[in-house]
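Trainee: Model the placement of chain B on the given structure of chain A, informed by the hints.
Take a look at the letters that make up each chain.
Number of protein chains: 2
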Amino acid sequence: MKKINVGLIGFGNVGSGVVKILRERKTFLKEKIGLEINIAKICDKDIVAKRIVSVDKSLLIREPREIIHDPQIDIIVELMGGIHPAKEYIMEALKNGKNIVTANKALLAQSGKELFATALDRGKSIYFEASVGAGIPLIKSLREGLVANRFKSIFGIVNGTSNFILSQMSHQQCNFAAALKEAKARGFAEKDPTLDIEGIDSSHKLILLTYLCFGRLVSLDDIFIEGISQISLLDVNYARELGFQIKLLAIAKKEGDELDIRVHPTFLPAGHLLASVDGVFNAIYVSSDLAGSLLFYGPGAGQLSAASAVVSDLVDLTQRLKAGLFRPTLNIVMDNSIKKLRRIDEVESRYYIRFMAKDQPGVLAKISGILAKFGISIASVTQKQRHLLEVVPIVMIIHEAKEKNLRSALEMIDRLSVIKQKSVAIRIEEL
Amino acid sequence: MKKINVGLIGFGNVGSGVVKILRERKTFLKEKIGLEINIAKICDKDIVAKRIVSVDKSLLIREPREIIHDPQIDIIVELMGGIHPAKEYIMEALKNGKNIVTANKALLAQSGKELFATALDRGKSIYFEASVGAGIPLIKSLREGLVANRFKSIFGIVNGTSNFILSQMSHQQCNFAAALKEAKARGFAEKDPTLDIEGIDSSHKLILLTYLCFGRLVSLDDIFIEGISQISLLDVNYARELGFQIKLLAIAKKEGDELDIRVHPTFLPAGHLLASVDGVFNAIYVSSDLAGSLLFYGPGAGQLSAASAVVSDLVDLTQRLKAGLFRPTLNIVMDNSIKKLRRIDEVESRYYIRFMAKDQPGVLAKISGILAKFGISIASVTQKQRHLLEVVPIVMIIHEAKEKNLRSALEMIDRLSVIKQKSVAIRIEEL
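Chains as they are written, first to last, in the working numbering: chain A, 63 to 493; chain B, 63 to 493.
It should be emphasised that the hints constitute simulated quantities derived from the structure, not laboratory data.
Keep in mind that the hints are not guaranteed to be accurate.
No distinction is drawn between identical chains; accordingly, a pair holds when it is met within one copy or between any pair of copies.
Calculated pairs, BS3-like style, for lysine-lysine (alpha carbon to alpha carbon, straight line, at most 30 Å) [stated by the list, open to error]: (1) Lys-384 with Lys-94; (2) Lys-92 with Lys-384; (3) Lys-157 with Lys-315; (4) Lys-384 with Lys-65; (5) Lys-112 with Lys-464; (6) Lys-88 with Lys-402; (7) Lys-88 with Lys-175; (8) Lys-119 with Lys-401; (9) Lys-119 with Lys-384; (10) Lys-82 with Lys-315; (11) Lys-315 with Lys-92; (12) Lys-435 with Lys-112; (13) Lys-402 with Lys-246; (14) Lys-315 with Lys-464; (15) Lys-253 with Lys-384; (16) Lys-484 with Lys-253; (17) Lys-88 with Lys-214; (18) Lys-384 with Lys-157; (19) Lys-384 with Lys-175; (20) Lys-428 with Lys-482; (21) Lys-384 with Lys-88; (22) Lys-214 with Lys-82; (23) Lys-88 with Lys-401; (24) Lys-420 with Lys-175.
Only a predicted model underlies this, so the values are computations on that prediction, with no experimental measurement involved.
So here's chain A without its partners, still in its complex pose:
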């Protein structure tokens, strides 16, 4: 029985997890799939540091091209992360006839068009199960399990850091800064958390999900992105009081011939499954036309969880390579009924709005007068008597309104002398 030889570029956290699994489950996997996946070479800048698995020194190299140009190697696993030189290595590897497994969502989101086109051109595949939702078999489910389906929408909690912060604010009744500090202390947030809390990481993942479900490889510029750094405890608590939970959602929705894609904090009905997704967990809620609405939930990060996904990709590729006849496929079909991307201005949504106003007669009349001028109708208003406070929150839920109308109304309202802070508006999704 021929072994399938794998070269690993990036022997860090996930990389060492992959090696550990392939080592410790060698017999287990062989019994399942009838093939041996052999780690032939491992490349990293640092080949001396201790990892969770010890490997023969002869496998360790510093020069990735020794892997890329090794004719014995069938599959290359890229786990070094970052755009450069990961991109160049993958391109070179594809041109050298290698198949690729990667967890590099940022790279695929940014250079997917070029990479997937090169793979197709060379008859090779790029597998990336670990790039969204770590060990949750989401990508396989979208590509294979739901192969016969057309998709209507995706709503994903795909960034564990942000979800932890929002959960922490709610459970511990702390503000954003304190929750972020706790996330860092627990290793759930990086030193510079911008990518996570500002919705960039969620957008990278949304690009991949949109590609899988609708066959469109959009760019970061096509997505309206809003992070969670402006979310206050006040809003978290009002959400709960009104029967919602705030979640950072990655959304792709097909409406008519338009695709609406965005990432932003969202009010979700408290009874919806996504609203119960707590802490660093991820969940993706997908609506398909045959199998209906499905939810996939699990840890969104973690060394062995991500490694579990990488190994499942390796097993799939290995079985296909072994079968000899290899047709690279992503099982992706362009949804030709989509004619354009919907601009955020044109998106219609219900909203939660919080105004901070001087507690004096006539304020509500002024606010609602401006809203009416823009055709925005109010579903409910909450204004609490707050003693000893000069500035009080006025909280509204408004009926479906166009984003651009709401923006114009809020701009006008924020210029009122009675309004003391920039008003907060958070979109509501019904699902």
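Mentor: Here is chain B on its own, set in the frame of chain A:
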């Protein structure tokens, strides 16, 4: 390009859904997978009734053996249901070199050993994604997406009928009989609902899940089964009051070297995702050692949902057949650390207990005295003043106790003259 020819036995609800999808998505699927799946023959007792898809009369036959013995047919889809003659047809088909796709959980649960062994012996496969959770890509996830994992436990809401009834009781505040009536009216329950409400269907699915996760093909007799027909509205409401929801769960848990498998109504903490699974939906919560705890959720039944799963099986088989080198595999490995099945008597659990007792002094002392005698300690007691009622419910949550001790205690308690009805005990799972 060679077409893959499929023969369908059973042109009913799901069968016609499969034909409809393969017809209407021919180009879509071909573009995705590069192969054509051709429905070559369709067999049913009734070949004249109108279906949701119309097919050329020449494809329709009444004699299944014309499919089983057709050398042009590569895959047989069995959707006739029932044990006999479905079993005989599948056996004959395997022996004739056909691969099988089926949704027949009852048959696989009952005769799986024989069927899977014959398939292995003949180098053929039996795929059965539609047999648990309809279109939810659960079986594929367990076999392929989580291929590197060892499993710790499965908790599944796998019977939509029962879940609908329990949800209905809770939301509509009706009793079991009224909820069942509504389920029948809406087409969610069969005329004879026994298999669903008594936990048999859930047990069939549990047998398949246990096989996939632990490599053991147990029999119905190995499972402790309790249905929901004895659940009263009183218990549904007490559950909610105490912070729980009652769900009919299929459970397989590895504890030490024992496997604990059972189906019964269960108190679940209201905050757990499974507790939010409402109506006819299904959800399976799986704990794995690498990818962590995952939840898969979606519609548990439905013509196109089940057909979506059948088509994904067909696509997988087709791609493997086309690749030429076919090794039948279920990706299943026997978990040899499991030495025996745990007997229900030995299961330890927390419990909700409801006694119906005469409202007179000393009752609680008598009950708690007997519980103490069996080493059972009480976590909380709720006894409400009910005016005008002679018999009142006394509700307890008890700490972990062995099933056999609890049974003995309840037997003794139920013989007390102050106890007016058989006491109710429902297991609590923490997850």
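Trainee: Which earlier hints turn out false for this structure, listed by number in ascending order?
Mentor: Hints 3, 5, 8, 12, 13, 15 and 24 contradicted; others consistent.
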